[in-house]
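So the protein sequences, as listed, match chains L and Z. Under this note's numbering, the first residue of the first sequence carries the number 1, and numbering increases by one thereafter. Under this note's numbering, the first residue of the second sequence carries the number 1, and numbering increases by one thereafter.
Among the hints, erroneous ones may be present.
Unchecked claim - Simulated crosslink set (DSS-like; lysine-lysine; CA at most 27 Å straight-line):
#: 1; chain 1: L; residue 1: K50; chain 2: Z; residue 2: K50
#: 2; chain 1: L; residue 1: K82; chain 2: Z; residue 2: K50
#: 3; chain 1: Z; residue 1: K95; chain 2: L; residue 2: K50
Claimed, not checked - Partner residues aside, some chain Z positions facing chain L, computed with beta carbon under 8 Å:
#: 4; residue: D28
#: 5; residue: L29
#: 6; residue: I32
#: 7; residue: F79
#: 8; residue: L91
#: 9; residue: G93
Derived from the structure by calculation, the hints contain no laboratory data. Note that the Cβ used here is the ideal one computed from N, Cα and C, for glycine as well.
Listed below, chain by chain, are the residues.
There are 2 protein chains.
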Amino acid sequence: MITFITGNQNKLREAQEILGNINSHEYDLAEIQEVDARKVIEAKILEAQKRGLSNFIVEDTSLYLDGLNGLPGPLIKWFLDKLGNEGLFGLIGEKSSRATAKTIIGYYDEQGNVTYHEGVVEGEIVPPTGDTNFGWDPIFKPNGHEKTFAEMSSEEKNEVSMRRMALEELKKHLHEQGK
Amino acid sequence: MITFITGNQNKLREAQEILGNINSHEYDLAEIQEVDARKVIEAKILEAQKRGLSNFIVEDTSLYLDGLNGLPGPLIKWFLDKLGNEGLFGLIGEKSSRATAKTIIGYYDEQGNVTYHEGVVEGEIVPPTGDTNFGWDPIFKPNGHEKTFAEMSSEEKNEVSMRRMALEELKKHLHEQGK
Numbered sequence: 001m002i003t004f005i006t007g008n009q010n011k012l013r014e015a016q017e018i019l020g021n022i023n024s025h026e027y028d029l030a031e032i033q034e035v036d037a038r039k040v041i042e043a044k045i046l047e048a049q050k051r052g053l054s055n056f057i058v059e060d061t062s063l064y065l066d067g068l069n070g071l072p073g074p075l076i077k078w079f080l081d082k083l084g085n086e087g088l089f090g091l092i093g094e095k096s097s098r099a100t101a102k103t104i105i106g107y108y109d110e111q112g113n114v115t116y117h118e119g120v121v122e123g124e125i126v127p128p129t130g131d132t133n134f135g136w137d138p139i140f141k142p143n144g145h146e147k148t149f150a151e152m153s154s155e156e157k158n159e160v161s162m163r164r165m166a167l168e169e170l171k172k173h174l175h176e177q178g179k
Numbered sequence: 001m002i003t004f005i006t007g008n009q010n011k012l013r014e015a016q017e018i019l020g021n022i023n024s025h026e027y028d029l030a031e032i033q034e035v036d037a038r039k040v041i042e043a044k045i046l047e048a049q050k051r052g053l054s055n056f057i058v059e060d061t062s063l064y065l066d067g068l069n070g071l072p073g074p075l076i077k078w079f080l081d082k083l084g085n086e087g088l089f090g091l092i093g094e095k096s097s098r099a100t101a102k103t104i105i106g107y108y109d110e111q112g113n114v115t116y117h118e119g120v121v122e123g124e125i126v127p128p129t130g131d132t133n134f135g136w137d138p139i140f141k142p143n144g145h146e147k148t149f150a151e152m153s154s155e156e157k158n159e160v161s162m163r164r165m166a167l168e169e170l171k172k173h174l175h176e177q178g179k
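Let's have the full structure, built from the sequences with the hints guiding it.
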């Protein structure tokens with residue numbers, strides 16, 4: 001059975017809905033200081049592998065702001081921590097409000113092969129609107145929608161979720177591998 | 001002899017001027033993703049220690065902006081990388097231009113004792129002025145001075161350098177230890 005290395009129950013539930021029977025384990029994998037999400041994932045995989053783990057997935061979801069030349073990317077948690085959604089929105093000012101939300105899942109299989117599976121959603125940064133209980137959801141409005149992630153129901157959000165897309169990509173890969 | 005774990009020749013030279021005979025070694029110590037510089041230093045020490053090193057120093061110099069609630073701190077290199085000094089200055093906008101530059105040196109001695117030595121300089125963020133060859137020097141003007149770090153001669157800058165202060169603190173400590 002695949003192990004999802006995460007302490008986040010919401011992420012685990014989403015993964016279970018799509019992949020079926022997976023379990024999770026919360027390992028304290030240090031995130032390296034890096035704006036390239038792929039490298040963050042690679043470092044996590046390396047660390048988990050060093051601990052003797054196999055057949056596992058790790059995940060990173062990052063937010064890239066055009067107006068900040070791609071910042072914060074994987075550094076989003078610190079921006080939120082220090083500035084909140086209001087402050088993050090304020091940073092944009094007169095600059096472009098275009099933004100990209102991206103999930104990368106790294107899968108390390110029983111044979112030691114690593115594959116990456118991405119989901120990308122384009123959108124824009126708007127004044128905070130909606131429920132404030134999940135990260136930057138209140139300021140991200142996906143293109144083609146009139147609501148921020150925070151204003152959507154779980155069903156609506158799942159329809160456009162970058163994490164769901166990445167999980168679907170992984171599912172396809174597992175299927176091709178006969179798993 | 002103390003080993004300074006750094007690949008930066010300028011930092012090594014400054015340390016040699018103050019501490020005398022030290023050598024350097026460039027180890028590729030991954031920086032963890034953290035806005036608390038002390039934790040960045042702790043992680044570096046732990047990693048160097050795991051590799052069997054002893055009697056060494058590691059260093060972190062961070063820039064904390066009041067207007068961004070303390071960001072970027074140790075994340076400064078990514079802000080510079082993505083935004084440059086002009087973009088970093090632009091982030092401040094109407095917000096407070098007060099800033100704090102801080103160097104922390106962690107010293108791991110032959111007995112496995114760890115001590116921390118800090119140098120702090122208060123100042124403000126100004127439009128980029130002066131030589132652009134060293135980090136955020138063009139936008140940092142220390143309080144009580146009319147020039148940015150980038151406009152100062154090395155002698156002038158050394159007089160107010162947070163790194164020099166931290167090195168002097170370490171020197172005092174070494175002296176007290178009879179080293």
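*Tell me, in ascending order, the numbers of any earlier hints that this structure violates.*
2, 3, 4 and 5
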